[in-house]
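Since the structure of chain Y is already known, use the hints to place chain Z on it.
Top to bottom, those sequences are chains Y and Z. Quick note, the first sequence lines up with residues 43 to 428 if you use our numbering. Quick note, the second sequence lines up with residues 10 to 307 if you use our numbering.
There could be a bad hint or two in this list.
To be verified - Here are the simulated lysine-lysine pairs, BS3-like style, with alpha carbons at most 25 Å apart:
id, chain 1, residue 1, chain 2, residue 2
1, Y, K280, Z, K259
2, Y, K162, Y, K102
3, Z, K272, Y, K153
4, Y, K153, Z, K116
Keep in mind the hints are simulated off the structure, nothing from the lab.
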Amino acid sequence: MDLFEYQGKQYFARYDIPVSAGDVATTVDEAVAAAEAAEYPVVVKAQVQVGGRGKAGGIKLANDADEVREHAGNILGMDIKGHVVERLWVEHASDIDEEYYASFTLDRAAKLHLLMLSAKGGVDIEEVAETDPDAIVKLHIDPVDGLSTDAARQAAVDATIPERALDGVAEILVQLYRCFTEGDCDLAEINPLILKPTGEVHALDAKVSLDNSAAFRHPEWEEYSATEVLDERERLAKERHLQYIGLEGSVGIIANGAGLAMSTLDVVNQAGGDAANFLDIGGGANADVMAAALEVINTDEAVRSIFINIFGGITRGEEVAKGIVEAVGRVQLRAPMVIRLDGTNAEEGRRILLDAAIPDEQLTTRTTMLEAAKAAVAIANGREAT
Amino acid sequence: MAIFVDENTLVLVQGLTGGQGRFHGLRNRDYGTQVVAGVTPGKGGQDVEGIPIFDSVAEAVASTGATASFVAVPPKAAPAAILEAAAAGVGFIVCITEGIPAQDEAKVFNMLQRDFPDSRLLGPNCPGVISPGKCNIGITAGEIAQLPTADGPNVGIVSRSGTLTYQALYELKQAGIGVSTCVGVGGDPVPGTSFVDCLAEFEADPETHAVMMIGEIGGSAEEEAADFIRSSVSKPMSAYVAGVTAPAGKKMGHAGAIVSGGKGTAQGKIDALRAAGVKVGLNPTEAGQLMAEIVAAG
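Chain Y on its own, in the form it takes in the complex (with noise of 0.2 Å):
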């Protein structure tokens, strides 16, 4: 799960990173009592998860609540890259004598934690990384022993920090490094990471991704999942605890296991269709969440038809099949379904499913996924199934 940034510097602060005294603000009106309680000047930041804002013009300076109405007013409801502003985050404006970049991921390859530090910050740290890869210090940090201080300190001195910002660095670092172990997140970023003229440093942005996996023990996320950016399919496939992710084609998917689900978006892909979602059901498939699946689909008014990508291991044939009779008598469908049952007692599934008295233009049933795929894109492009 992304934070905004404003989340991102909420976050921080409860592992005592300095962040600029600030607030979020959902109205004109909620944005000039921000600024007077950070005291001007301040900036107006648009709160949306996509980068570019300064560019679109949702990043302003304001001087007085003049300003800050009329930059809150243009701000607010602005759509950057098809993300539509509806937050703002106005925090007291910094001086700034330089700006650096920090970030906590995990190297897969490396199976370690992994420290990127830059004195070049402020800008993307994609492109520093193209053009000046030596700018940017990595640092591999074994998660048994963690980061010590005089590690980070040396990191700092490693990516040319200048003397007076070494304390103030190694201990943003150190504290930065306890929000990714102990805030699970898979990603902890400062970019800008700014020096002070008064000496003191501090993180000017925030980019966090939490680990979702870990919020069985993080009660304080139940507020992001609720500010989440989801659209209507990908809600209400949440509330029913399915995993979902919404795309832009025309055939709807349903399969078993998440690489089936995956594999079968690429065999859509092949037979020249595309997949209006990713939708894994789990292992079980049984009419409930089978229902529930068919549902979420149905919301879409982009799918043509309904690809069924069943493979029968410990759940039999005939179960599935069971099952997708008694939701298919629950739920009334948008279009029409392709069912790919194999596996496990595929054969007996497969007779269910023919006795069920389903009409033969609401389903079609095929044995390999190739087959079924061309079948489920050929209706969706308004053919018949061949």
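What follows is chain Z alone, placed relative to chain Y:
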């Protein structure tokens, strides 16, 4: 021969008294696996359909000589369960648990490497391992797996996905091709056993004549496998990589299946494997057909 597990493997199940552990543990025994013990703290002295339960892994090992553990406990308890098995000297640990936080996984991986280098962890979030006709640990439906033949050729399978592992087993069964061992390494970011580990074992296993590999988007395990194949694998291989059409920045069901910053794409992995001489199919069936061709060509 086979890799990791065979007819001599003695299995204990951590969580045998729980829903998942009981269901799969008993299925594994029905398949013919030697399931010799269960472990549930506080339930020592009980039994599950004749399988004795112990309070700790150490007691179970001392009493039964178990050589492998099947960890079927919830995400909160799984890291400690894995480490308990390693500390008790269990050499092969299979963890099917889905949803272990990545931070815990990274810690467990490095603790095992440092303190228990003789213990191998398979998973977490994996279907397990089956050496058909000999031993099945995990959630694989044993009946889909074709038995290996004495003369071969037999194929080894290694995969990051559960259902695609079954699909691969099924494709080979349809083609009448025997399987030496089928290993699911799991879909999490820090798997205990990698593709490379499995390929090294298959390369050394005289019963395995060719290897089928099922990868997916995210991370660089397939690229590392491609490097290893080029330098150290002489046996012919076919492969499939899922997620060619997966959108960037989304976890596709598995915690580890995510394309981020243009890295970990299916196409990059397919290109790397092809460059290493692996025959790559564009869907699981194609990969199965390619393997059938490899086997037919001897």
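Quick one: which hint numbers does this structure break? Sort them smallest to largest.
-> none
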